[in-house]
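Student: The primary structure of each chain is shown beneath.
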Amino acid sequence: MSDAVSDPSRSETLTTADGKPLKAALARAQARNRRRAFYLVLPLLLFVVVTFLIPIGQMLSMSVNNPAFYSWKDRDTGEKVPLMVDLRAWFDENPVGTEPDEAAYAALAAGLAHARETKSIGQIGTRINYEVSGTRSMFTKSARRAEKLEPPFKEALLDIDEDWADPRLWSAMRNASKSFTVDFYLAALDYTRDADGNVVKVEEERAVYILLFKRTLVLSAFITLLTLVLGFPIAHLLATLPLRHSNLLMIFVLLPFWTSLLVRTTSWIVLLQSQGVINDVWVATGLIGDENRLQMIYNQTGTVIAMTHILLPFMVLPLYSVMRPIDPSYVRAARSLGATSWTAFRRVYLPQTVPGIGAGGLLVFILAVGYYITPALVGGSSGQLISNLIAFHMQKSLNWSLAAALASLLLAGVLLLYWLYDRLVGIDNLKLG
Amino acid sequence: MALQSYASPLEKIWHYTYLVICALIFLFLIAPILIVIPLSFNAEPYFTFTEKMLALDPTGYSTRWYDMLLTFGMTNPDAPRDSSWWADTWANAAWINAAKNSVIIGFFSTILATVLGTVAALGLSRPEMPFRRSIMAILISPMIVPIIITATGLFFFYSATGLANTYLGIVMAHATLGIPFVIITVTATLVGFDHSLTRASASLGADPTTTFFKITMPLILPGVISGALFAFVTSFDEVVVVLFVAAHDQQTIPRQMWNGIREQISPAILSVATILVIVSIALLTTVELLRRRSEKLRGVSPG
Amino acid sequence: MKKTLILTTALAGFAMSAAAQEISVMSWGGAYGKSQIEAYHKPFTEKTGIKVISVDADNPATPIKAQVEAGNVTIDVADVEYADAVRLCDEGLLEEIDPAILPDGADGTPAMDDFLPGAVTDCLVTTIVFSTIFAYDSTKFADTPPTSISDFFDLEAFPGKRGLRKGAKANLEMALMADGVAPEEVYEMLETDEGVDRAFAKLDTIKDSVVWWEAGAQPPQLLADGEVSMTTAYNGRIFNAAVGEGQPFVTVFDGQVYEYDGYVIPKGAPNLEAALDFLVFSTETEQLAEQAKWISYGPARKSSGPLVGLYQDGKTEMGPHMPTAAENLKKALPSDFEFWADRDTELNERFNAWLAG
Chain A
25 MSDAVSDPSR
35 SETLTTADGK
45 PLKAALARAQ
55 ARNRRRAFYL
65 VLPLLLFVVV
75 TFLIPIGQML
85 SMSVNNPAFY
95 SWKDRDTGEK
105 VPLMVDLRAW
115 FDENPVGTEP
125 DEAAYAALAA
135 GLAHARETKS
145 IGQIGTRINY
155 EVSGTRSMFT
165 KSARRAEKLE
175 PPFKEALLDI
185 DEDWADPRLW
195 SAMRNASKSF
205 TVDFYLAALD
215 YTRDADGNVV
225 KVEEERAVYI
235 LLFKRTLVLS
245 AFITLLTLVL
255 GFPIAHLLAT
265 LPLRHSNLLM
275 IFVLLPFWTS
285 LLVRTTSWIV
295 LLQSQGVIND
305 VWVATGLIGD
315 ENRLQMIYNQ
325 TGTVIAMTHI
335 LLPFMVLPLY
345 SVMRPIDPSY
355 VRAARSLGAT
365 SWTAFRRVYL
375 PQTVPGIGAG
385 GLLVFILAVG
395 YYITPALVGG
405 SSGQLISNLI
415 AFHMQKSLNW
425 SLAAALASLL
435 LAGVLLLYWL
445 YDRLVGIDNL
455 KLG
Chain B
-14 MALQSYASPL
-4 EKIWHYTYLV
6 ICALIFLFLI
16 APILIVIPLS
26 FNAEPYFTFT
36 EKMLALDPTG
46 YSTRWYDMLL
56 TFGMTNPDAP
66 RDSSWWADTW
76 ANAAWINAAK
86 NSVIIGFFST
96 ILATVLGTVA
106 ALGLSRPEMP
116 FRRSIMAILI
126 SPMIVPIIIT
136 ATGLFFFYSA
146 TGLANTYLGI
156 VMAHATLGIP
166 FVIITVTATL
176 VGFDHSLTRA
186 SASLGADPTT
196 TFFKITMPLI
206 LPGVISGALF
216 AFVTSFDEVV
226 VVLFVAAHDQ
236 QTIPRQMWNG
246 IREQISPAIL
256 SVATILVIVS
266 IALLTTVELL
276 RRRSEKLRGV
286 SPG
Chain C
70 MKKTLILTTA
80 LAGFAMSAAA
90 QEISVMSWGG
100 AYGKSQIEAY
110 HKPFTEKTGI
120 KVISVDADNP
130 ATPIKAQVEA
140 GNVTIDVADV
150 EYADAVRLCD
160 EGLLEEIDPA
170 ILPDGADGTP
180 AMDDFLPGAV
190 TDCLVTTIVF
200 STIFAYDSTK
210 FADTPPTSIS
220 DFFDLEAFPG
230 KRGLRKGAKA
240 NLEMALMADG
250 VAPEEVYEML
260 ETDEGVDRAF
270 AKLDTIKDSV
280 VWWEAGAQPP
290 QLLADGEVSM
300 TTAYNGRIFN
310 AAVGEGQPFV
320 TVFDGQVYEY
330 DGYVIPKGAP
340 NLEAALDFLV
350 FSTETEQLAE
360 QAKWISYGPA
370 RKSSGPLVGL
380 YQDGKTEMGP
390 HMPTAAENLK
400 KALPSDFEFW
410 ADRDTELNER
420 FNAWLAG
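Protein chains in written order, with the working numbering: chain A, 25 to 457; chain B, -14 to 288; chain C, 70 to 426.
If you are wondering where the hints come from, they were derived from the structure by calculation, not from laboratory data. In this text, a Cβ means the ideal position worked out from N, Cα and C, and glycines have one as well. Don't take every hint at face value.
Stated by the list, open to error - Label-pair ranges, simulated between beta-carbon atoms:
1. 280/B / 370/A: 44 to 50 Å
2. 312/A / -7/B: 36 to 42 Å
3. 169/C / 117/A: 55 to 61 Å
4. 197/B / 264/A: 38 to 44 Å
Take these sequences, add in the hints, and give me the full structure.
Tutor: See the structure below:
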């Protein structure tokens, strides 16, 4: 709508038949249409907010907030009981680095006795054990005797275990008293805090997360490359064959796409295990001896092969949809102008497929970094990805805040790639089959 | 991809090499899926071809693993196979129960995803839709966000709200995962949709409901059905969310397979795999037929 | 519409069956799970009419903890290792069990004297003594079979892949014993950083040849499939594969690590009363003895001992296959539950880093 129309000082205001200004009427109609369109989407949007965005948001909050040290939910009554009240008050009154005095130890002893009473001591010990390992038993054993302790408490506690004087422990307790902590993110990046609360790298033999993040990225990139190398020729073939033939060959790509992930993973176990089909064939043909069967599964090789197979259709389909409309006359023109077939391919055909390579590559990479099932089943120990570690902390070690922190980091990475994908390819262009 | 008449000998060699490479890649794609079919009829508990199988000796083949799908978990598998035996199978066999759960969860999550997704796709493909791109990005994100993250979030959320270990919880989660597929397929169908048809219908006196069911729906139906099939397959194949939020009596087929693969991968797993491959072939065929029908309806020639 | 109706009815049907009188018991699956079904679940259902649903887990302690912490408990009774029971009990995640409800032994011994020392704690009633041993495929080592834990780590004299449980527990102890540490000094050594380093260094020597297992049912399967030639395992699983299924597996008790294992009730179990009934019933003299006829784990009551005779095949004497048989205890280590209750997190963290590196 131009300024000329909307500026009443310069021209007569246009009106609708019933005398209302046209602009307002149009705007109203526009707004009504917008509302209508929005109402259609609203139910789904609400549904996704409830079943997806809120749960993920809750998980994010879990990664920065772990109340195990200062709050206990009574399992019989469901009530929330504050823990370590006196000690937290002491932390509030005394700045970081204050040498813990008798008052601090008295508060600690009271807290321990109370924790023993409420049976929350295990939770407290586990929480501190995340930061300073090997301290869990100090809490449980001291709590058992806390009720009978007599002042001076400092001496009494140190009598039970002299490690109570460890400044790292006090620093950890202070941190655990806060309702907001980034410590789990530090742990997820292989950092920890020393006695003065400074961020330092963890000892080398305990560092594992950075390594796994790196491995996840490298393996995903490698798998993406493999799917491109394998996907490009067949996408090209499918795109250049007459539709009658290519539709038939397309089944080879679509059938894996529609087949259960677990079926495909099972197949690879059957094929690759050391008593499996491939090794049997090699032994039968005398290619390798029966003693030297190759270990192709339960390691990185297994993960790479199975994931490449599973993700290949996600590369072929976008490539195909970009290659199909490419006019073959461009390449023919290049040839007739004297280009060799290689030059014509490289200079004329390839550049036109770049959008497909980008779309397929990003999609495969995004899916690969978050893979869980296949590495868990065929990855052994060296083929595990970061997702498997998240599952480990969710289901085995039960350090849920750390699992949430790792998940949030992975999520941030994926969302960045997703944003990139939307910028470069556009979500609307995502096609299936 | 025909070879041009002016191709040099070198190019000819390359052309045939290229075709061989493509054939090998197609083999890589399809062989692992087909290999499980003959192996599932192995008479021995191995995952490889026995000599008898290679010699096509009928005694090398058997359907014992398919039988095991029926008997595993039964209270009295060795009883004579009368009606009470079948009742026992129906009530207690682990794989049968898993199949029941998979179908129930798949059915309801598909309905939920398809209804919500189709209505939303109608809104999203209107040009007036505000914040179209961002909303689309949110609705597609369950497909992009790693499933382990979704499952982790749902575990906490469901535990806090009492949805854990309920069918409703799993159905809602699977519907969320299926929605992106419905949105994508239905919006793709709506791209070529001729809006003058609905205007014509309106001008002829039809109310919006009539227009929707008489005009719009038949035209987008193929897209809706293939979206629904995608949503169904997503639920039918999903294991991580089930691992995290389902109760032990809500085992689905993939969950049962997951157990089987990790503990003792007997050829019974391969017989399940074979059945699933056949199911996916059937689904693929349906989707293909629908796609062609949709193209015909929309006047896009398949060439 | 009709279809929807049918399915809705089906759904309702499922909900109904869940409300009927039944309890869920979580255990370790496989041959061990079967022994419990035969010795405990079936007789219990027969006696009380309460249906027992068996649920399998790699290690029930973790799902139990997750369920109680998250506040959605579906399991009534769980079978856990002693160290885990102590830890979970400390954390208030288990129901306390009054030992007075346990009946006296069949021979009249008072319950608390009848159970092995320490076998009944605030939250746990022990059912079995089990052991982590190593076993090998005798067809692979026909001439010179391995006899000691050091042989397990000797890839040159005994080539082939090894199976190990994916976790620190028992692996570190066995590594130290293989490295020449006497059983009684193992935990003392593991308390120190040097000791832990030494254990990992020993594990390093076979790391590249290891296939890791998680569920107790996996090791016999790995041996049967020829994926490994030697593996650590729970002794009862190997016994069942060897004696029950006739597999050519041989158990080596040298360097074994044995431990109690028993039943606990998670806090907030949906059917607490039935769960207690089940627990009491299962830990009676007869039932414990009955279980030992199905798998070679030692019963936790002394009064059960004399009742254990032959394996269910009717000819194999169970005695020599028990981890507690004198012959098998020559170089054996009782697992230190206090050590593991304290160090589990720390050492598993280190183990994971080691595994990934």
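Student: Which hints, by number, does the structure contradict?
Tutor: Per hint list: 1, 3 violated.
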